[in-house]
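Trainee: If you want the building blocks of each chain, they are given just below.
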Amino acid sequence: MAVSAERAPDPAPARSRRRRPRPDPVSVLNAARGIADELREGLGGSGARTAARGVRRLLEVDCVGLADLSGRPVWAPAPPPAEGAAAADALVEQVLHTETKAGRPPLLALPLLVHHELAGVLVVFGNARRSAVREAAAWIVLALERGRLEASAEQAAQAELRALRAEISPHFVYNALTVISSLVSSEPDRSRDLMIDFADYIRYSLARHGEYTTVADEFHAIETYLALQRAVLGERLAVQVRVAPEVLAVAVPYLVLQPLVENAIRHGIEPRPGTGHVLVRGEAEGNDCVISVEDDGLGMDPRLAEEILAGRGGGDSVGLANVDRRLRHVYGSWYGLVVETAPGAGTRVVVRIPRFQPGVMPG
Amino acid sequence: MDARIWALAGISLVTVATFYLGYRSSRTASTTQDFLVARRTVRSRRNAAAVSGEYLSAASFLGVAGLVLKDGADALWYPVGFTAGYLALMLFVAAPLRRSGAYTLPDFCEARLGSRALRGLAAAFVVFIGILYVVPQLQAAGLAVSNILPIPTWVGSLVVTVVVIVNVFGGGMRAITLVQAFQYWLKLFAIAAPTLVLCMLFIGGGGLRGGHVTGLSEPLPPVFTEHTTLRIETPVLLEVEDTVNLVANGVVDGDKVSGSAYWTPLGSPYEVDVGTELHFYEGSAVPVVVGAPITNDLWLAPSTSGSDLVTTYSLMLALFLGTMGLPHVLVRFYTNPDGRAARRTTLHVLMLLGLFYLFPILLGALSRLYVPELLVTGSTDAAVLKLPTRIAPGLLGEILGAVLTAGAFAAFLSTSSGLVVSVSGVLSTDVLRGRVRDFRFATAIAGGAPLALAIVLRPSDISLSVGMSFALAASTFCPVLLLGVWWRKLTWVGAAVGMVVGGGLVLASLVLNTISDFTGRWAPAILGQPALITVPIAFLTVIVVSKATPARMPADLAQIRLRMHAPDGLGFVRDRAVARFGTPEERARMTDGRHRR
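Residue numbers (the UniProt record's numbering), protein chains in the order written: chain D, 1 to 363; chain Z, 1 to 597.
These are computed hints drawn from the structure, not numbers from a lab.
Here the structure is a predicted model, which means the values were calculated and not measured.
Ideal Cβ placement from N, Cα and C applies to all residues, glycine included.
Be a bit skeptical, because a hint or two may be false.
[Said to hold, decoys possible] Here are the in silico distance ranges between beta carbons for each label pair:
id, chain 1, residue 1, chain 2, residue 2, range
1, D, Gly274, Z, Ala558, 22 to 32 angstroms
2, Z, Trp487, D, Val184, 51 to 61 angstroms
3, D, Arg325, Z, Ala551, 46 to 56 angstroms
[As the list claims (entries may be wrong)] Computed, partial: chain Z to chain D, Cβ under 10 angstroms:
id, residue
4, Thr104
5, Asp107
6, Glu110
7, Thr177
8, Ser424
9, Phe439
10, Arg563
Using the sequences and the accompanying hints, generate a full structural model.
Mentor: Structural data, given as structure tokens:
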């Protein structure tokens, strides 16, 4: 049987089909998917042997080996008999050095080039057509590429989280420090308190350990941030924070609430004259915890809010889209942000998170 | 004023106060200056009051006194067991469970054993136990309401269900900790104050009314304190110790009777049918329902018969191990900030419950003296409500009765609300995959299903049917919790099979027992309280099946166990970075973060 029968016309289709019935496409696709899944962790991962077994069944040969760059193949079901094993090892060594295919049936070795870069070697021992082996190697390469992409997507998500944590607005740091310094001689005690708040806030925002924290600590961060902002904005900012004690222990990703509060102040209160109110509440609702950040500031067009949540809002509103994406990533697509707003009517952002989610633990 | 109006006023007051407290604390926002106070965690003591408030149900408020009235010393195991369950919880489960981060029982199953299938099974049992627990609450509520208003029992159940559902819908249970803590103190006041007043009246009135009633340690049956006419609502089998002279109108032993009758010990038991009216004279001995101790000295002494002893041990086991498996108990512990606080909360709960249970026992003993006619009808759960007007006729008795009725109402309200919230939470997350609308829908189901059952099923003693849900919890969740916390080789297959076997056995005995109730009480006593058999079998099944499936142990076992068992100080639960750095003075200021001072 050959995989390529599905894709390229066989040189002698009539004869081969008479000898062997056409393979069931479902089982072939199933086997291919199995190989791809097992190779998610790469050739050195735990699934390499299962993948090799899958390739052997697909090609209907005696043995299949998969080697990573270390040059030691993982064989299924076992290395070729007697001198075959030594020959295969030599062949792998040769392919690793030349990066071109080597050997002749029944022993064949093909390089696996992922993004033009050598990642390993496929060794086949048995009676298989060259074209079939070539297709199998191509499929393995695709699977390896997919695994790498997934890993890098994960890394990107992590990096994004780190980036958001480090993203303290320079504007805010400048304002806070200026206000604190102006208070040093007139109100030394208050400036000292603010200094500690500032340190506390910076420590929390730059914390490197763990992905998750508790609602209690998130509210703590909000409060320090609000204390500093109230020093900067003075009477213009009125704040109410209200959280039910039942939800304080809920685990949440780092810094999902602070960007919402910052948004409310920066885009709702700061740009307009007069006093603005910000109301932050957290309460239990069934097995969920619902947190809302509300301001009576400028508000915006609902369509603009939609754009911002979709990540097309421009550089200034990365925070909201980022929080939304991280929440969906952790809790599933149901748990995104909900924004209720209209021009001139203020903005309300609602976060809904389950009180318990497997794998989400503070610390 | 009429006693009914007083009682109605009491009930309305409790309902309004509960609504208002929930509404006020969830609506009014604190001012800018004290916003830091808002994020203070709940102190163990208040949380303990909330746990107790949610836990003290109709079974505690009415049922315990009723059982003491009927069974005497043997019934004392109910309050002891209701309390001792928290000892088991404190010793073995509270802290590790809190550290595991689980909110509900299905959460714990998933966190510890990593299986969605087990989670579904656990959710099913939570719903079942919850509904089984709400049914007697609603039945008792119906009893209490029909005691003060001339309406059938089911209307009372309906009223309480509606109040609970409206309360949950309207967000009245949102600030649950505060509301439930308030409910505890309300209930404690509602039972302690009348009890103390009644005791003082009893002592001030010359104790046993100069020998007109039977002393509690005399080898004689209790006697009627006045001419009494009783209407039998459910068929009963009655037993007498001495010859009793009475007037009966209706059906006794299958024959129509009308006029004077003599009941003798030789002729016992007498089968009295529904609708029969019995008239007893003042001073004559009280017949009792078959199975209950007849004379007061037997009543006061613990039972020595073998089958009673087995039932008692079975009950103790069920209560001791069942408390940890009740759905509305565990969710309260989530409010504690860490494992140590969870343990301290449980300690406070033990004290609060111990204090509360003193009073129903006193009331039960008093009702043996003053309302013995309840022994004839078998509806001993009404003892607490009927006692005050009997001891103190007139306004004082009416007011005391109103306070007790209001307390009982608070008991139905808080326990049913807690259970309905827990059950609908599990329903909406695990069964309906929910959003907010589903939560409302789930609440309607969680309230409606028990209401239907409460109306259909025959009301038996509240504490007995509550005992059954304890047995179910002890045979399903207790093995999973205890072994999940303390035994590393537990697998989800073992837990699932153990839950099905333990739960299945309890359900089977429940069904058999119900059938036997309708067809002549042939079932052995152990079927009424099967925990002594089912709990060991459940434990054994979990262990054996887990041993047989070692491959199913979760991969991140060590990590989970570290999180559950590492002391809080090591900081696996909370961020301790602040406490590690800085000068001692700063640390003192900063460990509480911004909420210094």
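Trainee: All hints are to be evaluated individually against the structure, with a verdict given for each.
Mentor: Here is what the structure says about each hint:
A beta carbon spacing of about 57 angstroms between glycine 274(D) and alanine 558(Z) contradicts the range 22 to 32 angstroms that was offered as a hint. The hint said 51 to 61 angstroms for the Cβ distance between tryptophan 487(Z) and valine 184(D), and at roughly 60 angstroms that hint holds. Roughly 37 angstroms separates the CB atoms of arginine 325(D) and alanine 551(Z), a value that falls outside the hinted 46 to 56 angstroms. For the restraint placing threonine 104(Z) at the interface with chain D, the shortest Cβ-Cβ distance is roughly 7 angstroms, inside the 10 angstroms limit, so the hint holds.
At about 4 angstroms, the closest approach between the beta carbon of aspartate 107(Z) and any beta carbon in chain D falls short of 10 angstroms, and the interface hint on this residue holds. Restraint check, glutamate 110(Z) versus chain D: the minimum CB separation of about 5 angstroms is within 10 angstroms; hint holds. Interface restraint check for threonine 177(Z): the shortest CB-CB distance to chain D comes to about 6 angstroms, inside 10 angstroms, so the restraint holds. About 7 angstroms separates the beta-carbon of serine 424(Z) from the nearest beta-carbon of chain D, less than 10 angstroms, and the hint is met.
Hint status for phenylalanine 439(Z): holds, given a least beta-carbon distance of 4 angstroms to chain D, under 10 angstroms. Among the interface hints, the one on arginine 563(Z) holds; its C-beta lies about 7 angstroms from the nearest C-beta in chain D, closer than the 10 angstroms criterion.
Hints 1 and 3 from the list above are not met by this structure, while the remaining hints are.
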